[in-house]
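**Student:** We have chain A already, so just place chain B on it with the hints.
Here's the letter readout for the chains.
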Amino acid sequence: MSTPAPILDVSGLCKEFVLHNIDGRKVNGLDNVSFALDPGEHLVLAGSSGAGKSTLLRAVYRTYLPTSGRVNFVLDDGRTVDLAVIPDRELLALRGRQIGYVSQFLRVQPRRGVLDLVTRAGVSRGMDVPSARDAAATSLRRLNIGEHLWDVHVAVLSGGEKQRVNIAAGLISPPRLVLLDEPVSALDPENRESAIELIGELRAQGVAVLAVFHDLDAIARLADRVLLMRRGRVTADGPTGEVLPMLKKEEALL
Amino acid sequence: MNDPQRAVETAPAVLTVRGLGKAYGAVDDAVISRTGSDRGSARDPLSGSIIAAWDVSFDVAAGEALGIVGESGSGTSTVLRCIAGDVPATCGDVRMECHDGGTSNVLTADPSERRRMRVDKISVVYQDPAEGLSLGVTAGGNIADPLTAAGWRNFMAIRERARELLARTDVPLDRMDDIVRTFSGGMRQRVQIARALANNPSVILLDEPTTGLDASVAAGVLDLLRGLLEEMNMAAVVVSHDFSVIEMLTSRCIVMHHGRVVESTLTDQLLEDPHHPYSQRLVSAARA
Numbered sequence: 000m001s002t003p004a005p006i007l008d009v010s011g012l013c014k015e016f017v018l019h020n021i022d023g024r025k026v027n028g029l030d031n032v033s034f035a036l037d038p039g040e041h042l043v044l045a046g047s048s049g050a051g052k053s054t055l056l057r058a059v060y061r062t063y064l065p066t067s068g069r070v071n072f073v074l075d076d077g078r079t080v081d082l083a084v085i086p087d088r089e090l091l092a093l094r095g096r097q098i099g100y101v102s103q104f105l106r107v108q109p110r111r112g113v114l115d116l117v118t119r120a121g122v123s124r125g126m127d128v129p130s131a132r133d134a135a136a137t138s139l140r141r142l143n144i145g146e147h148l149w150d151v152h153v154a155v156l157s158g159g160e161k162q163r164v165n166i167a168a169g170l171i172s173p174p175r176l177v178l179l180d181e182p183v184s185a186l187d188p189e190n191r192e193s194a195i196e197l198i199g200e201l202r203a204q205g206v207a208v209l210a211v212f213h214d215l216d217a218i219a220r221l222a223d224r225v226l227l228m229r230r231g232r233v234t235a236d237g238p239t240g241e242v243l244p245m246l247k248k249e250e251a252l253l
Numbered sequence: 000m001n002d003p004q005r006a007v008e009t010a011p012a013v014l015t016v017r018g019l020g021k022a023y024g025a026v027d028d029a030v031i032s033r034t035g036s037d038r039g040s041a042r043d044p045l046s047g048s049i050i051a052a053w054d055v056s057f058d059v060a061a062g063e064a065l066g067i068v069g070e071s072g073s074g075t076s077t078v079l080r081c082i083a084g085d086v087p088a089t090c091g092d093v094r095m096e097c098h099d100g101g102t103s104n105v106l107t108a109d110p111s112e113r114r115r116m117r118v119d120k121i122s123v124v125y126q127d128p129a130e131g132l133s134l135g136v137t138a139g140g141n142i143a144d145p146l147t148a149a150g151w152r153n154f155m156a157i158r159e160r161a162r163e164l165l166a167r168t169d170v171p172l173d174r175m176d177d178i179v180r181t182f183s184g185g186m187r188q189r190v191q192i193a194r195a196l197a198n199n200p201s202v203i204l205l206d207e208p209t210t211g212l213d214a215s216v217a218a219g220v221l222d223l224l225r226g227l228l229e230e231m232n233m234a235a236v237v238v239s240h241d242f243s244v245i246e247m248l249t250s251r252c253i254v255m256h257h258g259r260v261v262e263s264t265l266t267d268q269l270l271e272d273p274h275h276p277y278s279q280r281l282v283s284a285a286r287a
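Chains as they are written, first to last, in numbering that gives the first Met the number 0: chain A, 0 to 253; chain B, 0 to 287.
What the hints contain is simulated information worked out from the structure, not anything from laboratory work.
Errors might be hidden in some of the hints.
[To be verified] One side only, chain A facing chain B, incomplete, derived with CB under 10 Å:
| no. | residue |
| --- | --- |
| 1 | Arg61 |
| 2 | Asp87 |
| 3 | Leu93 |
| 4 | Leu148 |
[Stated by the list, open to error] Distance ranges between label pairs, derived from CB positions:
| no. | chain 1 | residue 1 | chain 2 | residue 2 | range |
| --- | --- | --- | --- | --- | --- |
| 5 | A | Leu18 | B | Gly39 | 13 to 23 Å |
| 6 | A | Ile21 | B | Gly150 | 57 to 67 Å |
| 7 | A | Thr66 | B | Ala166 | 46 to 56 Å |
| 8 | B | Val136 | A | Asp22 | 53 to 63 Å |
[To be verified] Calculated from the model, a selection of chain B residues having no Cβ within reach of chain A, i.e. all distances over 10 Å:
| no. | residue |
| --- | --- |
| 9 | Val7 |
| 10 | Val30 |
| 11 | Gly39 |
| 12 | Asp54 |
| 13 | Arg94 |
| 14 | Leu134 |
| 15 | Ala143 |
| 16 | Asp169 |
| 17 | Pro171 |
| 18 | Arg174 |
| 19 | Arg180 |
| 20 | Ser283 |
Glycine included, C-beta positions come from ideal geometry on N, C-alpha and C.
Okay, chain A solo, but in the shape it has when bound (with noise of 0.2 Å):
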């Protein structure tokens, strides 16, 4: 049986952050990771905090640079580069293109309309703005956010409401690899749901998932694959049914 080439191709990947003001202390973050995704493929981050999951994530997107190691990502036309060092602005070239990232919160809060925001990210995409407005009218309804607050600037919506908005927009015409940092953990049970739904869909449009979920019900139903951390190494990496319980079992320790 052939298996699909990966998508992205992590090995070796060490993250350590120097601390120049406090006495150039040396803080590891990631020490030696290696894993592959297929497209398509949904992969879940897990272990306690401070494990070094959401610095994984970031260390792909390179909002760290990455120490050592290799993160090769296969662009759209089959080619192949290393996300880690390559420029800059081709790394610009790529964000939100091919690769995308949804954090727990929304980093920059701009005063713009609900929809206008959703509807900016589908064009950003490649999408036209008829398609991207239907498109992010669909999104934002199966998220519960209401017609009245699409003209609402998302500066003065509540956490939850932005959090879905910041699904919205990161979701739509989705980048071929997706980043999910807790992108749910802020969400009431109903809300979570349609969130976990959403995002359940990205296997079948062929979309690689990366993310990082707290809770077991998320990771049971969303993970094809579970990679266990702990202190900034990779422990286990396996199928969800295989590593769901060694997780378990751990957060029954702690």
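**Tutor:** Only chain B this time, still in chain A's reference frame:
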């Protein structure tokens, strides 16, 4: 075309700065080696020369904004003023797509040509609107100025263009014929921005565009600039010591300290993972 050096297509640079330097006083290799971030000063203790900026290099593409970050005195504004032609550079090579198609060094162009470039190719927005505007002239008159310099002759057309620019920058149109000195700080800044956009420049240089404004007024000007940078295909350079401005407007930036570039990086990476000791100090101070 399998060029491993350029796997990802990026927009070509329309502004290229290489080895830009500005020294006050005599300068040689020894002076350079005694100044800069490592030496903790831009002033050479032996000769007294001040190396305001040295060995500054960066590229900016159309539709892109680059930030220059540093405390006051670090050389950030000097770099901007050398590019604009307000201050003669000591050395360096600055190319612009809009000047000879990028084939010749802007810094060595003759002064009349450099003044002409300021009319319709490069615009500057200064921290102090008094630098970019004639305060004793009306808002409309301030905008008419670069238009007539660019060859506009029809009075009605000039009025119409001024009205359009003032509307875009949210200046009430009933103030168009008022003298700028009667305007608030935020509104003066909007008029300055309107004037800077008059001839659709390909390069815009912003020097602390919101510093000194009240927080709510600054936020409004910042929103305006963000929208303009998104919709107009300009190459922008933004000097600011305020990380919220840099974060809002730019995707890449350089950090300057005692006249030298100490870090050149993605803006989100600078904020989350600064490398140089000075950058780490700046970011942690801003986060406090």
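**Student:** Against this structure, judge whether each hint is valid.
**Tutor:** Hint-by-hint comparison with the structure:
1. Because the closest C-beta pair between Arg61 of chain A and chain B is about 6 Å apart, less than 10 Å, the hint holds.
2. Because the closest C-beta pair between Asp87 of chain A and chain B is about 5 Å apart, less than 10 Å, the hint holds.
3. About 6 Å separates the beta-carbon of Leu93 of chain A from the nearest beta-carbon of chain B, less than 10 Å, and the hint is met.
4. Using the Cβ-Cβ criterion of 10 Å, the hint placing Leu148 of chain A at the interface with chain B is not satisfied: the shortest such distance is roughly 19 Å.
5. Leu18 of chain A and Gly39 of chain B have their C-beta atoms about 20 Å apart, which keeps the hinted 13 to 23 Å range intact.
6. Distance hint check for Ile21 of chain A and Gly150 of chain B: the Cβ-Cβ separation is about 59 Å, which falls inside the suggested range of 57 to 67 Å.
7. As the Cβ distance of Thr66 of chain A to Ala166 of chain B is approximately 51 Å, the hint placing it in 46 to 56 Å holds.
8. For the hinted restraint 53 to 63 Å between Val136 of chain B and Asp22 of chain A, the CB-CB distance of approximately 57 Å keeps it satisfied.
9. With 10 Å as the threshold on Cβ separation, the claim that Val7 of chain B sits away from chain A is violated: the shortest Cβ distance comes to roughly 4 Å.
10. The claim that Val30 of chain B is not at the interface with chain A holds, since no C-beta of that chain comes within 10 Å of its own (minimum 27 Å).
11. No Cβ of chain A approaches the Cβ of Gly39 of chain B within 10 Å, the least distance being about 15 Å, so the stated non-interface status holds.
12. Every C-beta of chain A lies more than 10 Å from that of Asp54 of chain B, the closest at about 19 Å, which supports listing it as non-interface.
13. Here Arg94 of chain B stays apart from chain A, with its beta-carbon at least about 16 Å from theirs, past the 10 Å limit.
14. At roughly 29 Å from the closest C-beta of chain A, the C-beta of Leu134 of chain B stays outside 10 Å, upholding its exclusion from the interface.
15. In this structure Ala143 of chain B is separated from chain A by more than 10 Å, as the shortest Cβ-Cβ distance comes to about 31 Å.
16. With a minimum CB-CB distance of about 13 Å to chain A, Asp169 of chain B clears the 10 Å threshold, and the non-interface call stands.
17. With a least CB separation of 20 Å from chain A, Pro171 of chain B remains clear of the 10 Å interface cut-off, as annotated.
18. Non-interface status of Arg174 of chain B relative to chain A is upheld: no Cβ of that chain comes within 10 Å, the nearest being about 23 Å off.
19. Under the 10 Å C-beta cut-off, the non-interface status given to Arg180 of chain B relative to chain A holds; the minimum distance is some 29 Å.
20. A beta-carbon of chain A is positioned within 10 Å of the beta-carbon of Ser283 of chain B; the least distance is around 7 Å.
Consistency note: the structure conflicts with the earlier hints numbered 4, 9 and 20.
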